[in-house]
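*Asks:* Now for the letters of each chain:
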Amino acid sequence: MPKKPFIIPVSLAMLGLSVAMLLPFFLMILTSLKTMDEIFAPRFVWVPERLDWANYAEALQRGDWGTYVSNTLYVTIVTILVSLLINSFAGYAFAKLNFKGRDILFLLSLIGLMIPPQVTMIPVFLVLKHIPLAGGNDLWGQGGLGWIDSYNGLIAPYVAGSFGVFLFRQFFLQIPQELDDAAKLDGMGRVRAFFHLYVPLSKPVFATLVALKATASWNEYTWPLVITNSDEMKTVQLALSMFRDENQVQWDLLMASTTMLVIPLLILFAFTQKYFIEGIVASGVKG
Amino acid sequence: MANIALDRTIKLKAAAKKRSRKLNSDPIGYALILPFYLFLAVFVLFPIAYNLYLSFTNYNLSEIKWVGWSNYAALLHDQFFFISMKNTLVYTAVTLTVTVGLGLIFAVLLNYRLYGTKWIRLSFFSPHVTSMVAVSMIWMWIYEPSHGIANSLLEALGIAGKQWLYDAKWALSAVIFTSVWKALGYNIVIYVAGLQSIPRHLYEAAAVDGAGGLRQFFHITIPQIKPITFFLIVTGLIHNFNVFEQIMIMTDGGPLHSTTTLVHQIYIRAFQQFQIGYAASLSMVMLLAIGLITAANFRFGGRGSTNA
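From first to last, the protein sequence lines are chains A and B.
Here my numbering is used: the first residue of the first sequence is 630, the next is one more, and so on.
Here my numbering is used: the first residue of the second sequence is 6, the next is one more, and so on.
Bound conformation, chain B alone (with noise of 0.2 Å):
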């Protein structure tokens, strides 16, 4: 009997509190997160999973066969998988480090409420706007070995011109070159803001006690932006790692794969060559890679911005 009573004791509780919280709670959300994740689920969070049952596979296009760990054990002996590799990785160095740097001088600059501030971030931002297509277009034509203004430049400088995008020894750098240029102007925005929030007596205490600029720099704004520099690292990782449109236009991987990247050996397996599911354990790599980054951001990233 006892038992009973306390059974329903429960029961009544739990619809009670049932009831309160269906007073606080509105199923309508389910309805307007509906369309959005179901655009979510086919075309992201599925083709996740998707693809990596496609990296067990081979498939042609007509015809998928189960292969197991094959494409990961051919993935080890392919040349050009390293190869894309090491560019990616060289790649993404020294954009990252050249934008990163760059981006954090320009921007302490601009803050300074230089004369012509508008007009210097807006010419600066100007490529981050411009299409890669575009801007693919326009650096070809400044590279162009006989003609371009890259090489009319140097050679009134009296240096003899380079071939450019043409010479294996210099694609990737000349590639590299162009990215900064593009990139270099949503690094000095992101900056900017974040030094503007950086509180002025922090800088007029350190100039009582005699820092100079170049102390106040290293001993305040430093610190205090790291979390910006973070975010900065963190997506700069992911976006250069994923490099492909300027390659594909300017020197197609080329010459002699000296400008082969990641995605765009995915590209040509998958859409060129056919080979889907070798493309799928390529892609799995670069998952793994973003995986990674995405968990150091967690592990490390929390804790740069709560010191901040």
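Next up, chain A with everything else stripped away, as it sits in the complex (with noise of 0.2 Å):
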């Protein structure tokens, strides 16, 4: 098909858009390069000139940041290993195997994709609190802390997935009956068809649903906001979300640790695109 006359004028201007989409990255990382004077400059000073990397330096040195790093990494991977290994358990399951109320079940499990987390906060934050036999709690949840304030708190409302088992059975609904029959042939239980047959063919899913959540969960506040009071609890963005002084904003600094944490996940996602926009495109035109 031969291009049509106004491909370029509006290529043009689609591509002044996308800079101006990209104008707040660059002022984050141009002020993140420069001095407080030239920030409070009377006049707007768009490049600085002399690059101050010292402020990368000092940002760091605001609070441990190793902590926060290292709490956000275990948080994601075991969050990621734990939902992506039971999500795949369910999705084969409700798409493969036959059992008494698999189809009510299935439905009765979308609930977790309707209902949003900020929704049941208090409850799920209660339920964590009266965890029995856990930070100082008896037999029967009380007298303690429960797992508020702990690794368990930040990960166990975050393992169920709904999300992740819908995924799953889609793609392996997609899956002919011949497989099975194949692997019954060559006298194959169910389970280790799944390992042997369905996880190797089901990379795609895993691969879109650990970008996904690795984003989602290097990304959460609001969780880790309620459930962790401590410092040494922190995450990331909890951490960043406090760097504020209280009189004056020390934009530079703020910008340097705002550029530490979005720089990495924005390289990540140019490398990885096609696993993030099959993921988000699954979950909209598929579902």
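Derived by calculation from the structure, the hints in this document are not laboratory data.
Treat the numbers as computed from the prediction; the structure is a model and nothing was measured.
One or more of the hints may lead you astray.
What the hints assert, rightly or not - For lysine to any residue, the following SDA-like pairs were computed, each having C-alpha atoms within a straight-line distance of at most 25 Å: (1) A/K758 x B/Q277; (2) A/K633 x B/Q277; (3) A/K903 x B/H244; (4) B/K91 x A/P745; (5) A/K633 x B/K167; (6) A/K633 x B/R205; (7) A/K903 x B/V113; (8) A/K633 x B/K70; (9) B/K167 x A/V674; (10) B/K123 x A/F635; (11) B/K123 x A/G765; (12) A/K633 x B/A198; (13) A/K633 x B/P204; (14) B/K123 x A/I909; (15) A/K633 x B/H224; (16) A/K758 x B/P204; (17) B/K70 x A/A845; (18) A/K903 x B/I225; (19) B/K167 x A/K758; (20) A/K633 x B/V113; (21) B/K123 x A/S640; (22) B/K123 x A/A683; (23) A/K903 x B/Q277; (24) A/K633 x B/H152; (25) B/K167 x A/D666; (26) A/K729 x B/I33; (27) A/K729 x A/R798; (28) B/K231 x B/R220; (29) A/K758 x A/V674; (30) A/K903 x B/L200.
To be verified - Computed Cβ-Cβ distance ranges for the label pairs, DEER-style: (31) A/H825 x B/S178: 34 to 42 Å; (32) A/V820 x B/D214: 51 to 59 Å; (33) A/A899 x B/R118: 54 to 62 Å; (34) A/V698 x B/Y58: 17 to 25 Å; (35) A/L830 x B/F87: 17 to 25 Å; (36) B/D214 x A/L830: 41 to 49 Å; (37) A/I637 x B/A161: 26 to 34 Å; (38) B/L261 x A/K729: 56 to 64 Å; (39) A/E678 x B/L66: 40 to 48 Å; (40) B/S151 x A/V676: 40 to 48 Å.
Glycine included, every Cβ here is placed at the ideal spot set by N, Cα and C.
Now that you have both chains on their own, put them together as the hints suggest.
*Replies:* Printed below as a string of structure tokens:
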């Protein structure tokens, strides 16, 4: 098909807009390299005269970033490992196995897709507070703090993941019955067939969910805000949100730490775009 | 005697049926869904019921007391509840309309195989991958009244700067602008995927009939893309209705409660003032709203997608 005459002007307009979309990121990076004098100069300074990399070193010293990063990585990795394992199990069972009440149970589990976590944060907080025999609690979940301000408290509410189950089920449903028949002929049980045939086939689903869950976990703010209270348990986003000083905001340092949290993820995204987009599209268009 | 014989045949038949079902039945399925269901039950299903119970109590984390409907009665006299409801509705309506509308327009343009499509898509989608905390920080700097870029640009144009996040008249608009910037790319990506599934021959036939670009857009694109629009509206309603992070970080509901939202009220009541029961009744209002949206989805959504 030949290109239409308006393609060039529209392309230019959209390219211009896309630069405008990125402007906040440019400002973030440029500001992170300015001195406070340039930031508070009477005329707006676009590009700093001398790149002030010291801002990054100083931003890292404001707070225990090593702890925040390792907390977040730990929570992210455990959430991904556990939830992918149990989500793929459940997705396989819902798609390929026959058992009584299967469809009802699947429909019921979709409630997890509809209810946003903000709406149940109070009861979930209380459930975690009353986990038996944890954090000084007795057998009846009384007396202590349970999983409040702990890794388990940060992880447990995110493990179920109805979306993952939904995505795995969709994928497994497309796999033809012949595969199961062949597995049966080879004398494979259901569970072995899952590990030896289904898991290798579903690498793209795993990749998509890793990309989506890693981003969500790294970016999470509300739940760490609710469930943690000590500095040792802070995650990166929570730490960033509390970075501001009470009186005067140190924009250079704030933008330096924001840059450090944003840029790695953007680079990762640029290289794994396909999986992000596939996941997003799978949730929207095919769902 | 006849009765016993009949009884026997029925029993035999039932047993045979059971056996054949057993052949095709995989009880291992229960074991495979068990871990998932355990977490779902404890952290999603039970909390919904628990929240309902809490909404009928007064609870400050030490003493719990059944109070019947009084939290709901108090809700009707709570001016902050009504302000937050109004803010949430305005926020949702504006953010959703703009992101869905602009999302469709930009997606249609991108679908013309423009130059630099990949780059354009990447830059529009980048804010979606960025955390709301980082986005809020960046935009607070943009909105900074005396040194931020927003006012610097306005003043260069000879327009007086605004106090943005510190002005009750502008704060909500400023937050909405930020949210649109963040969410637009998501809508575009979904719409582009939907546009690519529209059969090309519809447009070719229309072109043969002499329909121009604009008429094709209104008579083919919009009707064909209806299920996607519906999906974006339903999920967008729920998502935007739960706006919290940017509010908490950028304005903390202020100034003068001009940006407080329902979830912000829930957070404050529950985790700053420890009025757990009252906050739970606010959550029930949210649950009810989400239930209504979902019910509407089932009622009208199915019809929309079968038409497509």
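*Asks:* So, for every hint listed, does it hold in this structure?
*Replies:* Structure-based check of all given hints:
Simply put, A/K758 and B/Q277 have alpha-carbon atoms about 17 Å apart, close enough for the 25 Å limit, and the pair holds. For the proposed pair A/K633 and B/Q277, the alpha carbon gap of about 59 Å is over 25 Å, so the pair is violated. As the CA atoms of A/K903 and B/H244 are separated by approximately 24 Å, the hinted pair is consistent with the 25 Å bound. For the given pair, B/K91 sits about 20 Å from A/P745 by alpha-carbon distance, which is consistent with the 25 Å threshold.
A threshold of 25 Å between alpha carbons decides the hint, and for A/K633 with B/K167 the separation of about 43 Å lies outside it, so the pair is violated. Using a Cα cut-off of 25 Å, the hinted pair A/K633 and B/R205 holds, with the two alpha carbons roughly 16 Å apart. A C-alpha spacing of about 20 Å is found between A/K903 and B/V113, which places the hinted pair at or below 25 Å, so the restraint holds. Taking the CA atoms of A/K633 and B/K70, the gap is about 71 Å. The hint is violated against a cut of 25 Å.
Only pairs whose Cα atoms come within 25 Å are accepted, and B/K167 paired with A/V674 is accepted, the gap being roughly 19 Å. For the hint linking B/K123 to A/F635, the alpha-carbon distance of about 19 Å falls within 25 Å, and the restraint holds. A distance of roughly 54 Å separates the Cα atoms of B/K123 and A/G765; the hinted pair therefore is violated under the 25 Å criterion. In summary, the hint linking A/K633 to B/A198 is supported, as the alpha carbons are separated by about 22 Å, within the 25 Å threshold.
With a C-alpha separation of about 19 Å, the suggested pair A/K633 and B/P204 falls inside the 25 Å cut-off, and the hint holds. At most 25 Å may separate the alpha-carbon atoms for a hinted pair to count; B/K123 and A/I909 meet this at roughly 16 Å. Annotation: proposed proximity of A/K633 to B/H224 holds, straight-line Cα distance about 21 Å (limit 25 Å). Between A/K758 and B/P204 the alpha-carbon distance is near 54 Å, which puts this suggested pair outside the 25 Å criterion.
As the CA atoms of B/K70 and A/A845 are separated by approximately 37 Å, the hinted pair breaks the 25 Å bound. Taking the CA atoms of A/K903 and B/I225, the gap is near 28 Å; set against the 25 Å cutoff, the hint is violated. Taking the CA atoms of B/K167 and A/K758, the gap is near 45 Å; set against the 25 Å cutoff, the hint is violated. The straight-line distance between the Cα atoms of A/K633 and B/V113 is roughly 14 Å, inside the 25 Å bound, and the hint therefore holds.
Note on B/K123 and A/S640: the hinted pairing holds, with a Cα-Cα distance of about 12 Å set against a maximum of 25 Å. Between B/K123 and A/A683 the CA atoms are separated by roughly 35 Å; this puts the pair beyond 25 Å, and the hint is violated. For the suggested pair A/K903 and B/Q277, the alpha carbons sit about 42 Å apart, so the restraint of at most 25 Å is broken. Restraint check: the Cα-Cα separation between A/K633 and B/H152 comes to about 44 Å, which exceeds 25 Å; the hinted pair is violated.
For the hint linking B/K167 to A/D666, the alpha-carbon distance of about 23 Å falls within 25 Å, and the restraint holds. Under the criterion of a C-alpha separation no larger than 25 Å, the hint pairing A/K729 with B/I33 is consistent with the structure, at around 11 Å. The suggested pairing of A/K729 with A/R798 holds, with an alpha-carbon distance near 17 Å, which does not exceed 25 Å. At roughly 16 Å between alpha-carbon atoms, B/K231 and B/R220 fall within 25 Å of each other, so this suggested pair holds.
For the proposed pair A/K758 and A/V674, the alpha carbon gap of about 50 Å is over 25 Å, so the pair is violated. Among the hinted pairs, A/K903 with B/L200 is consistent with the structure: their alpha-carbon atoms are about 18 Å apart, no more than 25 Å. Remark: the range hint 34 to 42 Å for A/H825 to B/S178 is contradicted by a beta-carbon distance near 57 Å. Against the hinted window of 51 to 59 Å, the Cβ-Cβ separation of A/V820 and B/D214 comes to about 58 Å, which satisfies the hint.
The supplied range of 54 to 62 Å is broken by A/A899 and B/R118, whose beta-carbon atoms lie about 21 Å from each other. For the hinted restraint 17 to 25 Å between A/V698 and B/Y58, the CB-CB distance of approximately 39 Å leaves it violated. Taken as a hint, the range 17 to 25 Å is violated for the pair A/L830 and B/F87, whose Cβ atoms sit roughly 53 Å apart. The supplied range of 41 to 49 Å is met by B/D214 and A/L830, whose beta-carbon atoms lie about 45 Å from each other.
Against the hinted window of 26 to 34 Å, the Cβ-Cβ separation of A/I637 and B/A161 comes to about 30 Å, which satisfies the hint. As the Cβ distance of B/L261 to A/K729 is approximately 58 Å, the hint placing it in 56 to 64 Å holds. Distance hint check: the CB atoms of A/E678 and B/L66 are about 54 Å apart, inconsistent with the given range 40 to 48 Å. Taken as a hint, the range 40 to 48 Å is violated for the pair B/S151 and A/V676, whose Cβ atoms sit roughly 20 Å apart.
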